[in-house]
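Student: If you read the protein sequences in the order shown, they are chains A and B. Counting with numbering that gives the first Met the number 0, you get residues 0 to 273 for the letters of the first sequence. Counting with numbering that gives the first Met the number 0, you get residues 0 to 246 for the letters of the second sequence.
No wet-lab data here; the hints were simulated from the structure. Owing to the predicted nature of the structure, the values given are computational and were not obtained by experimental measurement. Treat each hint with caution, since some may be false.
Unchecked claim - Covered stretches of chain B (chain A as the covering partner; in silico rule of three or more C-beta atoms under 8 Å from a C-beta of chain A):
#, segment
1, 50 to 56
2, 173 to 181
3, 192 to 205
4, 221 to 228
Idealized CB from N, CA, C, for every residue including glycine.
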Amino acid sequence: MNLSDKLEIVNISDTGKRRPHNEDSTLSDAENGLVVLADGMGGYKAGEVASAIAVTDPHELICSGLRKIKRAQLDKVTGLHSESVLVKEAIIQANSNIYNTAQEDPECQGMGTTIVVALFYSGIVTIAHVGDSRLYRKRANNFEQITVDHSLIQELIARGLYTPEEAHAKTPKNLVTRALGIDANVEVDVVEEPVIAGDILLLCSDGLNDMVDDEEIHLTLSKYSVNLAEAGQALVDLANAKGGKDNISVILIRALEGFSDSGGFFKQLINRFR
Amino acid sequence: MAKLVLSLNGVVQGEYQLDKERLSIGRKADNDIPIDNLAVSGKHALVITILDDSFLEDLGSTNGSYVNGKLIKKHALKDGDVIAIGKHEMKYVNELATADDDEFEKTMIIKPGSASAAVAAAQAAEKAVASAAPAAASPASTAPTAPAAGGGGGGMPLGRLTVLNGPIAGKELVLTKALITLGKPGTQVAVISRRPQGYFLTHIESDGDGKRYPTVNGEPIGPKAYQLKDSDLIELAGIKMEFSSST
């Protein structure tokens, strides 16, 4: 199932204005319908190591897994599609690899990374994440954040100790409560969402959403929606114009006409005999 | 490290470092900050500190707690806030919060355990207030581990839909799938997706202008994802269904 003519993908990663190097890593593979974004942290250049493992390992595992699994089958235990189970396992594997590297290599001690993955198939997207990198969806005139950050600020809001306004005014934004590589085990949030032709999904590191608020991201996307590459660049430019304090990574995916009906059961059956 | 400076009529009586997760204020001697004055309740208020942030909670005191002249039940403290309890005043000083304004915000990881312990402690305090129980009870170590906010997908009870009318009235659907499509293609379609924080109903398509949204408790949900609550009544393509999340 080659999706490269059904998805339009733009992938930009920028160092920003204040950091010496880029610790974010991004990957897009239109053919397999896979995008991955990771925001590394910790140690001299170790953040880059962590985020690089977080994009390359799952990419390899997912691509080889996609050829082996029965596509779009439901897993009875979790109620997830086989693709989602694959994504989740790949992230858990990447966590082990990063954790082990951090344990073995003194230069990499204490490194960690966030991850957000989107895998497209049969009119569905599987979204998995750990940490505070986000995925937003723009559908027609609506813009919403699908992932919920694993950050202290989010937990305080969820517990009712802070209103969102108070929390943003006071709490440090930079404390994540889950990340890859800090523990031998990791809990991955996985959701599945239907995809409608015309949907635009945005994956980003906190270098974007700390600098630019949701409303402005939405306005920028709407303004440049005809040209996805321009929209991505405009978002990065906007974050830089507001200070560019952190690395800024942006992946935009647009589902083109025909994506939703690309993977029905019968079509897959026919494709198998082609 | 943040601190509270206690004063009476402008005379400083003492300084208290906020080095504990929970610091109690009250008339009784076993409080961390004892204030021997009849205007102060035995257990008057609690200061909860999580990393660099502190919160003041009134424990249902007779005369109340004031911050900057306003009566509060719960308050997130800012540098320079003045807490008034009876005639005593306490100034909240948190120099760190103001000093590092422009410092690099390097992302840091806090172990999930420590965060949820702090959150659980705050929650235990909340319960103590609700039941007006002595605040010093339930140390954080014995508090049940709070499920991570928005997390714990595995522990979430499965939701159910009960069909209320039509040919399959009475049928119950257990929402085990991560993504459930409802309705009739060409008429009205919506999906229920399971996210770690709950079940969400999203409109997909409808006949006419495509904007005939499913209703929940009689109200159209609009184009955004709607988080379902227990006993919500969903109506879609003429079918009424009740959502329940309890086991």
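Student: Could you check the structure against the hints above and give me the numbers of any it violates, in ascending order?
Tutor: none
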